[in-house]
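J.: Since the structure of chain A is provided, determine the placement of chains B and C on it from the hints.
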Amino acid sequence: MGYPNKSHPRETAVLSKHFGDPEARTLDGWKKRGGYRALEQALAMTPTDIVNVVKDSGLRGRGGAGFPTGLKWSFMKQDDGKPHYLCCNADESEPGTFKDREIMRWTPHSLIEGCAIGAYAIGAETAYIYVRGEFTEPIRCLNEALKECYAANILGSNAMGTGKTINIYVHSGAGAYICGEETALMNSLEGRRGNPRIKPPFPAVSGLFGMPTTINNVETLAAVPHILINGAEWYKAMSLSSPKSMGTKLFSVCGNIARPGNYEVVMGFPFKDFLYDLCGGPLAGRKFKGVIPGGCSVPIQTMDEAEATMMDYEGFVAQGTMLGSGGVIIFDDAQSIPRMTARHARFFAHESCAQCTQCREGTAWSTKILDRIVAGQGTFEDLDTLLEMADNMTGKTICVLSDSCATVVVSALQKYRHEFEALITGKRSSTVAVSSGAAA
Amino acid sequence: MADNTVNLTIEGRAVSVPAGTSILEAAKTVGVLIPHYCYHSGLPVAGVCRMCLVEVEKSPKLAPACATTVGEGQVVHVYSAKALEARKGVLEFLLINHPLDCPICDQSGECELQDYTFQEGRADSRYREPKRFNPMEDFGGDVLYVQNRCILCTRCVRFMDDVHHAPVLNVTERGDRAFIGKAPDADLTQPWAANVVDLCPVGALVSKDFLNKARAWELDRTASVCTGCSQGCNITVEMRDNVVVRFKPRANEHVNHFYMCDEGRANYRWLNRPDRLEVPMADGRPVDWEVALAATAALLKGKKAHIVANASLSNEAMHLIKRIAGKTGGAVTYAVNTGIEAALPGATDLAVRADRAANATAAELFGFTRTSDVLSGLSAQHVLIIVDDALDGISADAVAKAGAVIVIATAMPTAVARANVVLPIANVVEEEGTLTNLRGRVQRFLQSKQAPGLARPSWFVLADLLQSLGEVAPHLTARAAFDALAKAEPAFAGMNYDTLALSGQTVPGALAGARA
Amino acid sequence: MSAHTHAPYEPVFVGARKAELTQLLTRYPTKMAALLPALWMVQEDRRWISEEAMTEVAAQLDLTAAYVKGVVSFYTMYHQHPVGNHFIQVCTTSPCLCAGADKVVDAFLEHTGCKELGVTSADGRYTVIEVECLGACGFATPVQVNLDYIENVTADKVPQILAGLK
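For the protein sequence lines, the chains are A, B and C, in the order given.
Position 272 of the first sequence, counting from 1, maps to 272 under my numbering, and the rest follow consecutively.
Position 324 of the second sequence, counting from 1, maps to 1324 under my numbering, and the rest follow consecutively.
Position 98 of the third sequence, counting from 1, maps to 2098 under my numbering, and the rest follow consecutively.
If you are wondering where the hints come from, they were derived from the structure by calculation, not from laboratory data.
Take the hints with a grain of salt, since some may be wrong.
Unchecked claim - Capping the alpha-carbon separation at 35 angstroms, the derived lysine-lysine pairs in DSBU-like fashion look like this:
#	chain 1	residue 1	chain 2	residue 2
1	C	Lys2103	A	Lys6
2	B	Lys1088	A	Lys368
3	A	Lys368	B	Lys1028
4	A	Lys244	B	Lys1058
5	A	Lys244	A	Lys199
6	B	Lys1304	B	Lys1248
7	B	Lys1058	A	Lys199
Since the structure is predicted, the reported quantities are computational estimates derived from the model, not experimental observations.
In isolation and in its complexed conformation, chain A is listed as follows (with noise of 0.2 angstroms):
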């Protein structure tokens, strides 16, 4: 549902079905509501068969990179003799994005209930929810479900009195934007510096203190319970277009826009009938100029890619973009965009680990070259050096955040370039009101 907004009829609530209901948040709540009957179920089922279930259902990684979350499973070697864990994404740090907290602050016991269901997949028999630090009510709510959890005997050495253990603890972060990605999520969890890791090994192989380790965003998780009790084959059956992306997506949309909150539909629904319909269209008297439609990270959209759009993984791609993470940040023609692109470029140069010479030094200097354009100091040489500038950053270094800044400035500046010239030139087009602050 569009929570905070009610339930738009077009909508598909399956996770979100519960948000902004506080009887959701406890242990009896949640039962009455269906909890933990997939759990039961799963346990009573074989880790190879869970993992069939879900790598049949398409499910793909809710957290931005779409990977078949079955297949990520299959990558965990059942019976190795070691010990191995379910690490739960839930530093959900990318701009635009707040889906995953409404999840845990609504709805804890759905994504316990995932985790469990995960971690006995993967034959893990502790998992790690990695809280970004700031969510501090998230965590509270995901705590008190835990402990209901444990004092019931759902969780523990003997899970669902099933003589299985399963135990889940929430470990919480302290501010940084990359320990979303996942191997610096394991290093943070392990008490280090939050710097991604070189690739290969891959997590399946050596993740969470060398062990084998999987690693599912929060979304990801709290749909497999609903995959275990209504099957594979509803949640397949949930796609308006790609064969490739099924189900239900939560979208998080903020920005410029009459109805902004999370709003969830069917893969392939139509993205105009989506900012329109769903959430309102623009504020009254504005017009919208542009969508970044998957977290911060991804290209923007000019409207007319976006009003084509069919919001699954394809549906972006075709039209210049990624679904990302689902954060929608739409922006109306009172905004000017090199602004917000400067300041997309400085929060990638405030998260930058430091660890690689492009992103440490690139993030950074093509914040300096946006600010100095914004404020109107810039040239047509700058546009230039900063397009040469996000080709050295891209593919080049041990994560994607250097990748990420590149993108943002590169799409920016192809979609908009005359909002930069304009500002190189001094003559701003009327469209363009450069707002307080950076101009100043």
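T.: For chains B and C alone, coordinates are given in the frame of chain A:
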């Protein structure tokens, strides 16, 4: 080919290396140096500087050569347009905030940032923004951190963590605010910490001792061996205008890997001491060498010699001393200063050894007597021959017990009030020779410096002395002196300067085995 | 920052806190993994993490102070210096910026008397900083005061919010 051998092509050259080798190391085997900063073969791989990016055919992305293992049939291009462009980008990024203060930087001339920029970098910078500025920081020990020049390769951090096992450095902050930080409660006052200066590929970590002393290109460099202890670390003696200005470690995987200790590193000033013996003397007067040698022979005639040898003398000198002792029927004693042993934990069998002398092994091998009282048993019947021993802790009265005193030395021991003959010799950087370390490794050192005045190499003087005693020792070179030694001493059998080369050979047999 | 502290350092990990840390260690196969939670405990008790505290945490977890400092300085939520009683973080990342977060920042700076970002007000009550994305973009502008979120903040609500802070 064995199963674990991988065959690939690097820059058109066929390479066969064991599986698991990195592309960077594989390239080295065929003479291709892939530019790099963070990688060092003595340290764990970090893969962060991204300077070693190379193109591997069929791979969509450029690969960091340090962190990519070789694959069968790989075709690697180090100098393809794509790889060159990427490295040019890295160099530009590394330089945007760099102060470009090469004219006042000690690293200048031996700086990998300079070298690769000249080789592959842009001629100009496109950076128009203010550069970041940070103050210098004294890291303790001999190390000064010049943050503005730092490229955050983290070699220093990894050395202190993984090799020194003294984790006092870290990366502090993140993004472009990051810098190398020091522990709040500890610094680089550690036995091996100054190696971070050598490991630093740029001028960010510099030696306080060497600060502003010389430009790298003014230095004359010679391969040598540290005489500070019995480890025998391989070093390069670096001189400016006939003055030794620093020691640098020289890699030898059998002895010191890439490192040397701070104590050894600081132990060079005595080589420049001005109060040297420069002319031969007899009865207190300067004389010609022939006169001095004849006077020595005359003193020894019919007398027993009591020889005190410095435990850091070369094998060649020790061997000749052994022969002189044999000829004159006397004993040879030596003392060894000792200190606290301090290992470099992350390196195999490397430590500042308790024996703070370079060649006690040869002295023992040649049957000399190790004692703290080197003059024990000395009487008026003896001619005391002091070969470069400082006679620490010995009184002038004890020396005066000798019938006659012959000093063969670089400097006059304070305990010697009156010497009948003085024969000035060269110190270790002024002559050529070999030393035997505590594991029996025989290693050459070369001459880097001119000896002062009329001083001659120790082996030369001792051979002349032996000749004047009627023995045959016609050695005109150190090499010839060593050959005679190798012929006479079974432990050295088959060795010569060519077989020793610059990394040495180990004495076979029981002695080496017993000591190891 | 030891220069600020004249009183001898009182350890954090004694009594109940020590027990809590011991209990926490059972969750992980390594001691190091308890580092972030241990630092959180320090910050909860002391409101910031001094170098003495880093040294204490290091000793508790068999780490070194240098290592702990490297980690502390990586994460922006750990305070390496004392901050105001109310540590006010205004999200100004693009989704909030386009909704007017810069005006919220200005309002906080004005009404707290801090005037400048990162500077603690003269009465020691407030420190205001800009923070990167708080992950509540649909509730622009979110502001985190110490550990709690306040959502949908606009410049005109700032005086009322400040009045509500003890």
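J.: So, against the hints stated earlier in the document, which numbers end up violated here?
T.: Failing hints, ascending: 3, 6.
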